[in-house]
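Trainee: The chain contents come next:
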Amino acid sequence: DTGVSQNPRHKITKRGQNVTFRCDPISEHNRLYWYRQTLGQGPEFLTYFQNEAQLEKSRLLSDRFSAERPKGSFSTLEIQRTEQGDSAMYLCASSPAEGNNNSPLHFGNGTRLTVT
Amino acid sequence: AQSVTQLDSQVPVFEEAPVELRCNYSSSVSVYLFWYVQYPNQGLQLLLKYLSGSTLVKGINGFEAEFNKSQTSFHLRKPSVHISDTAEYFCAVNPRSGGYQKVTFGTGTKLQVIP
Numbered sequence: 001d002t003g004v005s006q007n008p009r010h011k012i013t014k015r016g017q018n019v020t021f022r023c024d025p026i027s028e029h030n031r032l033y034w035y036r037q038t039l040g041q042g043p044e045f046l047t048y049f050q051n052e053a054q055l056e057k058s059r060l061l062s063d064r065f066s067a068e069r070p071k072g073s074f075s076t077l078e079i080q081r082t083e084q085g086d087s088a089m090y091l092c093a094s095s096p097a098e099g100n101n102n103s104p105l106h107f108g109n110g111t112r113l114t115v116t
Numbered sequence: 117a118q119s120v121t122q123l124d125s126q127v128p129v130f131e132e133a134p135v136e137l138r139c140n141y142s143s144s145v146s147v148y149l150f151w152y153v154q155y156p157n158q159g160l161q162l163l164l165k166y167l168s169g170s171t172l173v174k175g176i177n178g179f180e181a182e183f184n185k186s187q188t189s190f191h192l193r194k195p196s197v198h199i200s201d202t203a204e205y206f207c208a209v210n211p212r213s214g215g216y217q218k219v220t221f222g223t224g225t226k227l228q229v230i231p
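Sequences listed follow chains H and D, in order. Per our numbering, residue 1 is the first one in the first sequence, and the count goes up by one each step. Per our numbering, residue 117 is the first one in the second sequence, and the count goes up by one each step.
Worth flagging that the hints you see were computed from the coordinates, not collected in a lab. Since the model is a prediction, treat every value here as computed from it, not as a measurement. Among the clues, some could well be false.
[Said to hold, decoys possible] Straight-line distance between alpha carbons at most 27 Å, and here's what the computed DSS-like set of lysine-lysine pairs gives:
id: 1; chain 1: H; residue 1: Lys57; chain 2: D; residue 2: Lys165
id: 2; chain 1: H; residue 1: Lys71; chain 2: H; residue 2: Lys57
id: 3; chain 1: D; residue 1: Lys218; chain 2: H; residue 2: Lys71
id: 4; chain 1: D; residue 1: Lys165; chain 2: D; residue 2: Lys185
id: 5; chain 1: H; residue 1: Lys11; chain 2: H; residue 2: Lys57
id: 6; chain 1: H; residue 1: Lys71; chain 2: H; residue 2: Lys11
id: 7; chain 1: D; residue 1: Lys165; chain 2: D; residue 2: Lys218
id: 8; chain 1: D; residue 1: Lys174; chain 2: H; residue 2: Lys11
id: 9; chain 1: D; residue 1: Lys185; chain 2: D; residue 2: Lys226
id: 10; chain 1: D; residue 1: Lys174; chain 2: D; residue 2: Lys226
id: 11; chain 1: H; residue 1: Lys57; chain 2: D; residue 2: Lys218
id: 12; chain 1: D; residue 1: Lys218; chain 2: D; residue 2: Lys185
Let's have the full structure, built from the sequences with the hints guiding it.
Mentor: Structure below.
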C-alpha cells in the first residue's frame, strides 16, 4: 500500500489559464473520488469514478471542470479558464469497491491551486 | 440528504488536559460515522469509525468517540492531549446504502494544544 499520490502539490496559475492535476490511487482500489476544500471548510464532493466510469458529478463541477480515469487507474482533473474562485485544495481519495459503504476513504495530500 | 455540524471551529487546550470535539449530524437515512484528522498541508487520515455494535469506538492515537442515536451526535474525546495532536478534525457521515461512499464532511474543528 503506497498510498494515494497527487501531483503537483502546489500550482500557481494566472486567471484564464488551464490546469491539470493527476491522482494515482491505491492500486487495488476501484473507487476514486475528487473533493475540493476551501479555507475553513470541510472537503466537498466533486466527482466519483468506479473503475473508468464517471458515475456521479456534483453541481459544484461546472462545465469548466472535467475529470477522466481512462484506464481505471490514475485520474486527471482539468480546470479550463481558471477563475480566482477556483483557488482551493483539490483532494483525491480512493476506496475498495467490495462490500458495502463502510470502507473509509484514503486521501492523497492534495494539490493546492492558487489562481492570481 | 445528510448534514454534519461541528459547532466549534477552534478548540484551544493545554497539553495533557482532556478534550472533547463535538459533532452532530442530520440524515434521512441510516449512516456510518467517521472522524478524520488533517495535519497541515496534508490529506485526511481516518481516526475512527462507527459501523454498528458498541456505541463507544476507539481509534488511533488514543482517541475515542461515542455514538448517541437519540441525540444524533458522535463526539470525539481524548483524556490527555499531546502537542502532536494539534491538527484539524473532521466529522463525516456516509449513507449505509447506495452505490458508493457519498461522504458528507463537517466544517472541521482546529485543535490547538498549548504547551
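Trainee: Look at each hint and say if it fits the structure.
Mentor: To see whether the hints hold, each was checked on the structure:
Distance restraint check for H/Lys57 and D/Lys165: the Cα-Cα separation of roughly 26 Å lies within the 27 Å cut-off, and the hinted pair is therefore satisfied. The hinted pair formed by H/Lys71 and H/Lys57 meets the criterion: a straight-line CA distance of about 19 Å does not exceed 27 Å. Of the pairs offered as hints, the one joining D/Lys218 and H/Lys71 holds, with about 23 Å between alpha carbons and a cut-off of 27 Å not exceeded. Between D/Lys165 and D/Lys185 the CA atoms are separated by roughly 15 Å; this keeps the pair inside 27 Å, and the hint holds.
The straight-line distance between the Cα atoms of H/Lys11 and H/Lys57 is roughly 23 Å, inside the 27 Å bound, and the hint therefore holds. For the proposed pair H/Lys71 and H/Lys11, the alpha carbon gap of about 25 Å is at most 27 Å, so the pair holds. A hinted pair counts as satisfied when its Cα atoms are at most 27 Å apart, and D/Lys165 with D/Lys218 qualifies at roughly 15 Å. Among the hinted pairs, D/Lys174 with H/Lys11 is inconsistent with the structure: their alpha-carbon atoms are about 38 Å apart, more than 27 Å.
Using a Cα cut-off of 27 Å, the hinted pair D/Lys185 and D/Lys226 holds, with the two alpha carbons roughly 25 Å apart. At most 27 Å may separate the alpha-carbon atoms for a hinted pair to count; D/Lys174 and D/Lys226 meet this at roughly 20 Å. Under the criterion of a C-alpha separation no larger than 27 Å, the hint pairing H/Lys57 with D/Lys218 is consistent with the structure, at around 11 Å. A hinted pair counts as satisfied when its Cα atoms are at most 27 Å apart, and D/Lys218 with D/Lys185 qualifies at roughly 20 Å.
Checked against the numbered hints above, the structure breaks only hint 8 and satisfies the rest.
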